[in-house]
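> Sequence:
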Amino acid sequence: MKVNNSVNDCYGYMRLTHLITVCWGLPIIRKKTNNDFKYNGDTVVQGHRYSFDLRVTPIWLAFAALDAYVLYFNYLTASGYVGESFKKCFEESYCFAVIELVNRNLGPFTALMCTMFYGRRHKAAALAGTERVLAFIRETDRDAATLLSPAAKYYSAAVIVAYCACLWLYTVVQPAAVVIMFCVNAMGQTALYNLAMFQYYVLGRSFACVNRLLEASADRPLADRVARLADIFNELGRQVENMNRAYTLGLLLRLPYSIVRLVMLVFRIIEYAAIASAGQGHPMSRIAITLIVEHVGEILMFLQQFFIFCITGTHLSDEANKTLASLQKLKLDHRNHLDLNIKKNINIFWIQACARNVNATIGGFVFINMDLMKAIFGIIATYFLVLIQFKFKKSISKPLHFSD
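The sequence shown begins at 1 in the working numbering and counts up one residue at a time.
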């Protein structure tokens with residue numbers, strides 16, 4: 001996808017989202033190109049290239065050390081729940097607290113590993129492609145300001161601030177230093193998740209822009225316009241493929257983490273509700289109410305994020321599939337003015353669009369659409385019903401934040 005060099009630097013729109021992820025250990029950064037060397041064209045854009053940078057390694061190592069300490073901290077906490085043996089743990093149903101603590105540590109750990117070691121080439125190509133797509137949108141569409149929502153620019157930062165504010169309620173039962181430690185450790189996977197969502201959002205807007213340009217009247221000759229948009233569509237399809245591969249492992253591992261986390265939050269809400277309903281006479285009633293508010297906030301934050309993620313993937317797939325309808329409309333609107341060259345270009349475009357079959361997926365394993373949301377809710381409901389039967393058989397689970 002070629003863009004005019006006079007186009008303003010579009011990195012500014014994605015800078016905040018990208019840098020937040022870099023601050024949590026993503027080793028792919030944007031640097032000026034060196035003319036003495038040749039670089040992969042997929043990772044170069046407007047005199048800059050996206051590539052692995054060793055200077056980020058100390059940041060990643062710091063998070064790895066923090067994660068190791070959190071693992072040790074969680075081990076000490078969980079060992080108090082286990083009691084004399086794992087048999088006692090299951091007899092008294094303390095295992096729910098252990099499951100939650102293990103899951104809380106494994107989520108950030110797997111995200112940290114995937115950030116550093118998985119899909120570097122595809123991540124670099126996807127980031128460079130996102131910047132090229134932003135340049136294309138702003139160059140070819142005068143109404144680009146309406147296409148690119150300012151909310152998307154600050155979405156990642158807003159979500160992280162909201163999550164940290166929600167987790168801060170844990171200070172009623174934990175020291176502030178411990179809560180800060182968990183916030184810093186846990187937000188890495190949220191930052192990576194938001195970066196992927198942002199890139200899918202931009203790609204969805206670009207397909208919508210291609211469709212508008214196909215259907216709109218323009219000063220450019222029709223043959224040149226169709227040929228140019230065919231090349232752009234093909235490039236956008238390649239960018240979607242890079243995106244689908246770049247974050248596969250991280251997104252796949254996030255799904256079971258989120259499912260377990262949500263189920264455990266519901267269990268804790270049930271326990272704290274029982275404590276709160278005991279009335280003001282119970283010494284922990286006020287703390288239980290605060291933790292209920294925190295858990296409900298976490299659930300709402302997850303639902304909001306996951307809903308937007310699925311909507312973004314659905315919008316991308318829908319706009320990509322609408323290109324065939326836009327081509328058909330173009331043929332009907334200009335059926336009396338189509339020469340052989342234009343018909344040839346339209347047919348080539350049509351074949352490319354059919355062959356691409358563009359969809360937002362997680363590595364080709366899972367389609368990112370509203371069906372994914374329904375499937376996740378079904379899994380959560382099944383998992384919850386199984387565990388709640390186990391819970392009733394094994395008595396009441398020991399609360400995570402209270403001790404005897």
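Be careful, since some hints might not be right.
Quick list of in silico lysine-lysine cross-link-like pairs, DSSO-like style, CA-CA up to 30 Å [unchecked claim]:
| # | residue 1 | residue 2 |
| --- | --- | --- |
| 1 | Lys343 | Lys329 |
| 2 | Lys331 | Lys153 |
| 3 | Lys344 | Lys374 |
| 4 | Lys374 | Lys322 |
If you are wondering where the hints come from, they were derived from the structure by calculation, not from laboratory data.
> Which hint numbers doesn't this structure obey?
2 and 3
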